[in-house]
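> This is what each chain is made of:
Number of protein chains: 2
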Amino acid sequence: MVERRKPIKVNEAITKVMEFAKPGNCYQVPIEDSYGHFLSEDLIADHHVPPFDRSPYDGFAIRSEDTITASSSNPIRFEVVGEIGAGSVFEGIVNHMQAVRIMTGAQVPKDCDAVVMFEVVQEESMEGKSYIQLKRKVHKGDNISFTGEDTEKGTPLVPKGTYINPGVVALLATFGYKYVPVSIKPKVGIIATGSELLGLDEPMQPGKIRNSNAYMIHSQIKRAGGEPIYFGQFSDELETCYNQVNDALEKVDILITTGGVSVGDYDYLPAIYEKLGANVLFNKIGMRPGSVTTVAELDGKLLFGLSGNPSACYVGFELFTRPVIRTYLHANNPFSKKETAILGSDFPKPNPFDRFVRGHLSFHDGQLIATPVGLDKSNVVSSLAGANVLIVLPGGTRGYKEGMEVSVILLEDQEGTTMEKFMTTDVNSRRSRRKHG
Amino acid sequence: MVERRKPIKVNEAITKVMEFAKPGNCYQVPIEDSYGHFLSEDLIADHHVPPFDRSPYDGFAIRSEDTITASSSNPIRFEVVGEIGAGSVFEGIVNHMQAVRIMTGAQVPKDCDAVVMFEVVQEESMEGKSYIQLKRKVHKGDNISFTGEDTEKGTPLVPKGTYINPGVVALLATFGYKYVPVSIKPKVGIIATGSELLGLDEPMQPGKIRNSNAYMIHSQIKRAGGEPIYFGQFSDELETCYNQVNDALEKVDILITTGGVSVGDYDYLPAIYEKLGANVLFNKIGMRPGSVTTVAELDGKLLFGLSGNPSACYVGFELFTRPVIRTYLHANNPFSKKETAILGSDFPKPNPFDRFVRGHLSFHDGQLIATPVGLDKSNVVSSLAGANVLIVLPGGTRGYKEGMEVSVILLEDQEGTTMEKFMTTDVNSRRSRRKHG
Chain L
4 MVERRKPIKV NEAITKVMEF AKPGNCYQVP IEDSYGHFLS EDLIADHHVP PFDRSPYDGF
64 AIRSEDTITA SSSNPIRFEV VGEIGAGSVF EGIVNHMQAV RIMTGAQVPK DCDAVVMFEV
124 VQEESMEGKS YIQLKRKVHK GDNISFTGED TEKGTPLVPK GTYINPGVVA LLATFGYKYV
184 PVSIKPKVGI IATGSELLGL DEPMQPGKIR NSNAYMIHSQ IKRAGGEPIY FGQFSDELET
244 CYNQVNDALE KVDILITTGG VSVGDYDYLP AIYEKLGANV LFNKIGMRPG SVTTVAELDG
304 KLLFGLSGNP SACYVGFELF TRPVIRTYLH ANNPFSKKET AILGSDFPKP NPFDRFVRGH
364 LSFHDGQLIA TPVGLDKSNV VSSLAGANVL IVLPGGTRGY KEGMEVSVIL LEDQEGTTME
424 KFMTTDVNSR RSRRKHG
Chain F
4 MVERRKPIKV NEAITKVMEF AKPGNCYQVP IEDSYGHFLS EDLIADHHVP PFDRSPYDGF
64 AIRSEDTITA SSSNPIRFEV VGEIGAGSVF EGIVNHMQAV RIMTGAQVPK DCDAVVMFEV
124 VQEESMEGKS YIQLKRKVHK GDNISFTGED TEKGTPLVPK GTYINPGVVA LLATFGYKYV
184 PVSIKPKVGI IATGSELLGL DEPMQPGKIR NSNAYMIHSQ IKRAGGEPIY FGQFSDELET
244 CYNQVNDALE KVDILITTGG VSVGDYDYLP AIYEKLGANV LFNKIGMRPG SVTTVAELDG
304 KLLFGLSGNP SACYVGFELF TRPVIRTYLH ANNPFSKKET AILGSDFPKP NPFDRFVRGH
364 LSFHDGQLIA TPVGLDKSNV VSSLAGANVL IVLPGGTRGY KEGMEVSVIL LEDQEGTTME
424 KFMTTDVNSR RSRRKHG
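Chain order of the listed sequences is L and F. Position 283 of the first sequence, counting from 1, maps to 286 under our numbering, and the rest follow consecutively. Position 437 of the second sequence, counting from 1, maps to 440 under our numbering, and the rest follow consecutively.
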């Protein structure tokens with residue numbers, strides 16, 4: 004007899020999985036390698052920025068009080084008594100009606116309180132001395148970037164758990180992080196199951212298909228921030244399979260299998276979970292695709308039994324595995340960002356289960372439009388290539404029409420969101436809006 | 004006397020640079036390493052998907068004509084004459100009132116034209132034979148994924164120049180690409196100039212700042228898809244600088260210098276370009292920040308003289324260098340995507356020049372909202388960390404108000420756009436809209 008499984012809700016499944024998600028350890032990488040990692044400590048300013056009153060332009064540092072009478076009909080003349088390149092300091096004194104030539108980024112002499120740009124003065128030279136002529140009044144502080152104006156010492160700038168983008172790298176460099184504290188990437192194992200699977204270099208055979216899931220998951224793990232380890236394909240023999248899972252588990256932080264979780268005669272995973280003594284959190288979810296997605300836990304390690312169906316496998320990973328990987332990375336917002344968009348085409352077929360449809364998000368006139376890509380069958384591979392969102396269509400008795408508001412899960416986003424926000428739908432009602440409203 | 008430079012328009016500068024942008028060579032990477040690369044050949048389906056009529060579920064393959072009279076009051080019985088696991092083929096004949104047990108993914112026997120799921124039949128066993136009872140009529144083609152239904156052989160699936168995401172990897176695996184043809188990443192050299200720059204492990208000194216630009220650009224090059232090579236900091240001596248640039252040029256496809264392009268006394272780059280015999284495309288752009296951005300060309304190689312100011316350096320890279328890198332990678336859409344968003348806060352100060360303000364793009368109720376981050380001074384480093392867009396504020400005599408439509412350049416986007424679309428502003432008028440309109 005076929006086992007009858009009771010499906011649980013998607014949010015319930017997420018909650019069960021996340022109870023076992025935990026942050027991993029940290030290490031230091033050279034700043035050149037830090038891009039794309041997650042910061043494992045808060046980044047705090049260790050000095051003021053700028054660290055001194057600096058000139059943002061090439062020009063002349065002067066005392067603003069000397070310019071009170073300057074005008075186009077009354078040009079005033081300053082003697083140029085020195086010159087400061089960026090990185091050097093003017094040690095002398097600047098007196099009444101004197102100026103110092105100053106380069107961008109250099110420290111303003113302590114007697115000066117304004118900088119005039121090269122372009123607004125006339126340079127002159129007389130009897131071996133240099134002068135500038137100025138035809139306008141200058142205010143105290145003009146063209147000076149003051150100490151701490153950008154960032155004061157002690158300011159927390161970037162919180163722990165932030166994805167390191169080029170702007171974060173600029174901050175790390177500014178504050179002297181030659182080495183950067185980052186989260187260790189979790190090792191995520193992949194085992195493919197299915198005697199119908201051919202290796203990529205094998206010729207096509209009747210009844211067989213190539214093993215696309217393992218490589219797809221491999222790159223999904225990379226995108227999520229994990230380190231994929233591919234253990235190859237399962238044997239057809241239960242005992243050997245068991246040993247393969249057992250061996251792999253010792254080498255990874257998270258284990259993913261693809262296929263073999265259904266109720267078919269060759270679906271060994273349920274028997275393997277039992278033999279391992281693993282705690283099966285659920286083995287059926289009220290969703291399409293991916294209803295057979297199974298998650299088990301053994302000694303705190305999570306085993307993701309994803310569907311053998313490419314789209315179901317893809318969706319199962321993004322919904323359940325990705326946030327576990329991001330939690331391991333200390334991400335503040337381990338879940339993919341969920342936003343409201345306008346459905347870009349009709350989706351007339353109703354379904355009692357929540358659906359996650361591969362879609363393409365585009366922008367029209369400042370508004371988000373999500374359009375399903377390709378056919379909506381769980382075995383459709385080609386639709387995945389163009390997908391940058393999953394369109395969430397809650398289960399029910401009605402179909403969906405172009406112009407309706409729907410939630411979308413952003414697949415390429417790095418900012419992420421919290422579990423609470425992810426599990427709350429942004430769409431309060433199924434109100435309809437014009438597509439380009 | 005100070006050299007007076009004539010600023011050119013941003014679009015004119017882009018056009019001049021792109022005349023020298025050219026695609027690079029290609030090579031093959033193992034599929035496991037292909038994520039994040041750019042495809043250098045079209046991906047064409049080399050077989051039908053599915054390659055045969057397959058069962059998308061576990062169940063029984065039958066002949067639909069045998070079910071015409073089936074109903075709950077008239078259950079009909081099939082003899083189960085065989086079993087097919089995924090990957091194997093049923094070689095026998097299926098006669099009238101016979102069924103074959105079939106697993107998900109297996110090939111449907113040639114005599115059958117429908118599959119019934121386990122859940123809808125009752126299994127029975129009598130005198131050593133297996134039977135199923137069915138209480139409903141089944142239609143021809145029910146629960147069969149037909150040959151070529153997803154993708155027909157010969158279909159171009161992913162065009163050359165596409166960024167390889169996990170969905171593309173799935174397709175590559177499906178079509179047997181154990182090795183993937185991808186574009187070679189351009190080698191992009193970085194030389195930092197400025198005697199005010201401290202190494203990251205040096206203590207702070209009066210008048211000096213740490214060298215953040217080199218590391219920021221290093222990660223911007225990675226994000227753009229290039230391979231950064233850092234040549235260190237410039238000497239203070241012109242002849243040595245010249246030799247450094249000359250040596251670096253031999254080792255790279257594109258060379259970036261930061262700082263030294265202004266009209267200050269220690270700005271050596273103009274002299275170096277002259278000594279190299281490089282063709283200076285422009286040395287002043289009517290934009291803020293980054294007006295001193297200079298681009299030169301020598302024997303077909305581009306030399307980007309970016310500003311020493313962190314924000315100006317960042318913006319100069321994204322506007323001018325990134326599309327050159329993406330063109331080298333054979334990207335279809337080498338420019339960053341430009342979209343219309345609603346300005347999320349006032350920006351009252353008018354500026355005669357086009358501005359590119361670091362901003363954060365968020366979504367509210369399906370609409371794009373762009374909010375400037377941090378202060379808007381070109382020396383502000385901290386605002387870069389939170390930036391995911393550049394807000395484009397065309398030059399003029401008016402400021403900008405919350406609710407106005409503006410163009411934004413998406414910094415983390417991989418889809419990109421064409422030069423033509425990038426240079427066209429989406430915003431036809433400065434009409435104002437309600438923020439959450």
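The reader is advised that the hints may include incorrect statements.
Because identical chains cannot be distinguished in the list, a pair is counted as satisfied if it fits within a single copy or across any two copies.
[As the list claims (entries may be wrong)] Derived lysine-lysine pairs resembling DSS-like cross-links, with alpha carbons at most 25 angstroms apart:
#, residue 1, residue 2
1, K225, K340
2, K278, K156
3, K163, K225
4, K190, K225
5, K352, K143
6, K138, K9
7, K140, K352
8, K404, K156
9, K404, K140
10, K25, K340
11, K254, K19
12, K225, K9
13, K19, K287
14, K225, K25
15, K163, K9
16, K424, K12
In case anyone wonders, no lab produced these hints; they're calculated from the structure.
> Could you run down the list of hints and mark each one as holding or not?
Consistency of the hints with the structure:
no. : hint          : result
1   : K225 <-> K340 : both (18 angstroms within a copy, 24 angstroms between copies)
2   : K278 <-> K156 : neither (57 angstroms within a copy, 43 angstroms between copies)
3   : K163 <-> K225 : both (21 angstroms within a copy, 22 angstroms between copies)
4   : K190 <-> K225 : both (10 angstroms within a copy, 23 angstroms between copies)
5   : K352 <-> K143 : between (70 angstroms within a copy, 20 angstroms between copies)
6   : K138 <-> K9   : between (84 angstroms within a copy, 23 angstroms between copies)
7   : K140 <-> K352 : between (73 angstroms within a copy, 21 angstroms between copies)
8   : K404 <-> K156 : neither (54 angstroms within a copy, 32 angstroms between copies)
9   : K404 <-> K140 : neither (65 angstroms within a copy, 31 angstroms between copies)
10  : K25 <-> K340  : within (20 angstroms within a copy, 36 angstroms between copies)
11  : K254 <-> K19  : within (24 angstroms within a copy, 53 angstroms between copies)
12  : K225 <-> K9   : neither (33 angstroms within a copy, 47 angstroms between copies)
13  : K19 <-> K287  : within (13 angstroms within a copy, 58 angstroms between copies)
14  : K225 <-> K25  : within (19 angstroms within a copy, 29 angstroms between copies)
15  : K163 <-> K9   : neither (40 angstroms within a copy, 45 angstroms between copies)
16  : K424 <-> K12  : within (16 angstroms within a copy, 44 angstroms between copies)
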